[in-house]
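Here the protein sequences line up with chains A and B, keeping their order.
Oh and the first sequence: position 220 is 220 in the working numbering, straight run, nothing missing.
Oh and the second sequence: position 132 is 132 in the working numbering, straight run, nothing missing.
No lab work stands behind these hints: they were computed from the structure.
Any given hint could be a false lead.
What the hints assert, rightly or not - Sample of chain B residues lacking proximity to chain A, with all beta carbon distances greater than 10 Å (derived): (1) L22; (2) V54; (3) F56; (4) Y59; (5) G69; (6) I77; (7) Q158; (8) W206.
To be verified - Interface residues of chain B toward chain A, partial, derived using beta-carbon atoms under 8 Å: (9) L15; (10) A19; (11) L112; (12) M123; (13) I124; (14) L135; (15) T138; (16) L140; (17) F151; (18) I250; (19) P252; (20) V259; (21) L260; (22) H263; (23) V264; (24) F268.
Said to hold, decoys possible - To be clear about the criterion: a stretch of chain A counts as covered by chain B if any three or more of its residues have a C-beta under 8 Å from a C-beta of chain B, and this derived list gives those stretches: (25) 81-89; (26) 97-105.
None of these values were measured; they are calculated from a predicted model.
All C-beta atoms in this analysis are idealised placements derived from N, C-alpha and C, irrespective of residue type, glycine included.
Each chain, letter by letter, is given below.
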Amino acid sequence: MTQLTTWRRAEGSSPPAHTATPRVRRGKPHLRQRLTPYVFVSPAFACLLAVGILPIALAVLVSLTDLDVSGLADWSGVHFVGLDNYRALFADRDFWAALGNTALFVLMGVPLVVVVSLAAAIALNQSQSRFFRALRTFYFVPAVTGIVAISLIWAYLYNSQFGLLNHALEAVGLPRQKWLTDPVMAKVSVVIVAIWRAIGLNTIILLAAQQDIPGEYYEAAALDGAGRWRQIFSVTVPLLRFALMFVTVTTLINWMQFFDEPYVLTQGGPLGATTSVSLYIFQQGFQFNQFGFASAASLVLFVLIFVITVVQLRLRKASDV
Amino acid sequence: MSRRTSGGRPWIVGLVLGAGALATAFPFFWMITGSVKPLGEARTDPPTIIPRHVTFASYRNLFENLDFGTYLANTLIVVLIDSAGLLLMAMAGYAFAKMRFRGRGAMFALVLATMMVPVQITMIPTYLFLNSVHLTNTLLGIAFPTLVSAFSIFLFRQFMVTIPDEILEAARLDGAGEARIFVRIVLPMSKPILAVQAVLTFIAGWNSFLWPLVLANDQTKYTLAVGLSLLNQQLSVNPPLQMAGATLMILPILAVFAVLQKHVVRGFSMSGMK
């Protein structure tokens, strides 16, 4: 660093080093110094603007037009249509069906994911033995594996002719199921896969949060005669409140955007039975190229997610007081 | 700790957890055994648990008759491009953590706000944007939407805030410029967070599905995930081929996870602290 020092001083671009504090020294910084922070921030910030912020404004604009695939080639053919897309959207029975499906997925999935992840995380924390540590890996793995590959495996397990699940059902005397081809069963099937996949990440978060709970709390509880179950419900769960809230809110947001599993497993079928709002938006946008209409739908979903998240946070806050 | 020994039966918990672990692992077992079964055996009822004949024909098929070599190369290129984003995010994180400048608060708030924007809403505008700059159907375009992530910038910032100011000031007094400080001091001190982020970037890029699906128009630009989703249409035809494709996608991730589990778990649990 010393050679650098002399070199820089000789160049004279930085102020003399002997002045008192850096802040005073920078009383009148050079333009270059003032610009430095922006040089550091801009590349990433510009990318983020381009994919995270500006698209919202663009989505609002596009949702007020009849932009479709022909409009992409020739913008002069695009018209401002006001709120027509929204009117058409709310008149579309498929959209309401997709909303209903999404609500159902959320109601089935979110409570199960939260409860199972919590149970798994608490159980995994009951012992620090090598066996328990090895078990953790199994629970974490689904969190890092790609949904497409996972869905293919489950599609094979679910296959009605030669899938393992039907064979197993038969072996114990239960009737074979049309896992992915029956409208009701298909909903359950995609949710099972999504739950199986979502538990890993939430278990990691809840397990890490538990490790922040000081051991003395348990010792004190044990001295007071609290058994293992009592310790879990009176120490662990209350102290995990913050992490649990985080897990619930993010899980809810994720499930409102439910997309991958039905897209790969059922393409939204049979007869739209597994078409979530996200999948509906994707189909309208990229299969029917109704960009304006699909943007309107995406904004409705955004508002829904936003409102539900805010309400949830408010409720939690209120119950904390 | 006393609670571990006070009453209770950890072996029961272990047993239940073990059963759960088997349920989690079984689909992977089924995937690997399915991928080496001959077509006929993979479609028999009752299924064979341990393959009677082992063949790697399906893997050969993926590369010889299908374009999985191309998909694999594309996936790796997308991951590489995305890892360049790490540097950009580290730079931004450093500026947010250690520099004072006009608009810092507002910019950082905006960064945090993008974490709440669902991908469905950005999907169409981003497609339109990339289309207008002729980046659809290019690997650069496919990598672009995931090049930077608000959450990663946030993590970098949180980590770099803990770098002592004295070290940076000393370097400044020695006349080092910000670029030099960043490369010589900040980056080396940020190795733990860089490791976490690099692993998460690899996993996210490798698994990325929605953007390649939206942005790639022809097979030469498909990633593994998109190529694999096409195999689904052949379900009734060729399960071993699908399982081989799934194995190709999952085994590298499992290998990375096995070696770097510590970093992955750290990264994921940090997501719980935001």
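Going down the list of hints, with the structure as the test:
1. A beta-carbon of chain A comes within 10 Å of the beta-carbon of L22 (chain B); the shortest separation is about 8 Å.
2. Every Cβ of chain A is farther than 10 Å from the Cβ of V54 (chain B); the closest lies at roughly 18 Å, confirming the non-interface assignment.
3. A cut-off of 10 Å between C-beta atoms confirms that F56 (chain B) is not in contact with chain A; the least separation is 18 Å.
4. Here Y59 (chain B) stays apart from chain A, with its beta-carbon at least about 14 Å from theirs, past the 10 Å limit.
5. No beta-carbon of chain A comes within 10 Å of the beta-carbon of G69 (chain B); the shortest separation is about 17 Å.
6. With a minimum CB-CB distance of about 17 Å to chain A, I77 (chain B) clears the 10 Å threshold, and the non-interface call stands.
7. With a closest Cβ-Cβ approach of about 15 Å to chain A, Q158 (chain B) is found to remain outside the 10 Å limit, as its non-interface label requires.
8. Once the 10 Å rule is applied to beta carbons, W206 (chain B) is inconsistent with being away from chain A; the minimum gap is 7 Å.
9. For L15 (chain B), the interface hint is violated, the least distance from its beta-carbon to any beta-carbon of chain A being 10 Å, above 8 Å.
10. The beta carbon of A19 (chain B) comes no nearer than 10 Å to any beta carbon in chain A, farther than 8 Å, and the hint placing it at the interface is violated.
11. Annotation: interface hint on L112 (chain B) violated; nearest CB of chain A at approximately 11 Å, more than 8 Å.
12. For M123 (chain B), the interface hint holds, the least distance from its beta-carbon to any beta-carbon of chain A being 7 Å, beneath 8 Å.
13. Contact between I124 (chain B) and chain A, as hinted, is supported at the beta carbon level, the nearest pair being about 5 Å apart and thus within 8 Å.
14. With its C-beta approaching chain A no nearer than about 11 Å, L135 (chain B) sits outside the 8 Å limit, and its interface hint is violated.
15. Interface hint at T138 (chain B): violated, since its Cβ lies 16 Å from the closest Cβ of chain A, which is beyond the 8 Å cut-off.
16. Taking 8 Å as the C-beta cut-off, the interface hint given for L140 (chain B) is violated, the closest approach to chain A being about 12 Å.
17. At a threshold of 8 Å, the smallest CB-CB gap from F151 (chain B) to chain A is about 11 Å, leaving the interface hint violated.
18. Restraint check, I250 (chain B) versus chain A: the minimum CB separation of about 5 Å is within 8 Å; hint holds.
19. Hint status for P252 (chain B): violated, given a least beta-carbon distance of 10 Å to chain A, over 8 Å.
20. With 8 Å as the threshold, the beta carbon of V259 (chain B) stays out of range of chain A, its nearest partner Cβ sitting at about 12 Å, so the hint is violated.
21. A hinted interface residue such as L260 (chain B) counts as satisfied when its beta carbon comes closer than 8 Å to some beta carbon of chain A; here the least separation is about 10 Å, so the hint is violated.
22. Taking 8 Å as the C-beta cut-off, the interface hint given for H263 (chain B) is violated, the closest approach to chain A being about 11 Å.
23. Because the closest C-beta pair between V264 (chain B) and chain A is about 6 Å apart, less than 8 Å, the hint holds.
24. With a least beta-carbon distance of about 5 Å to chain A, the hint placing F268 (chain B) at the interface is held under the 8 Å criterion.
25. Counting residues of the region 81-89 of chain A whose C-beta sits closer than 8 Å to any C-beta of chain B gives 0, which falls short of three, so the coverage hint is violated.
26. Under the rule that three or more residues need a Cβ within less than 8 Å of chain B, the assignment of the region 97-105 of chain A is violated, with 0 such residues.
The structure fails to meet hints 1, 8, 9, 10, 11, 14, 15, 16, 17, 19, 20, 21, 22, 25, 26 from the earlier list, while all remaining hints are met.
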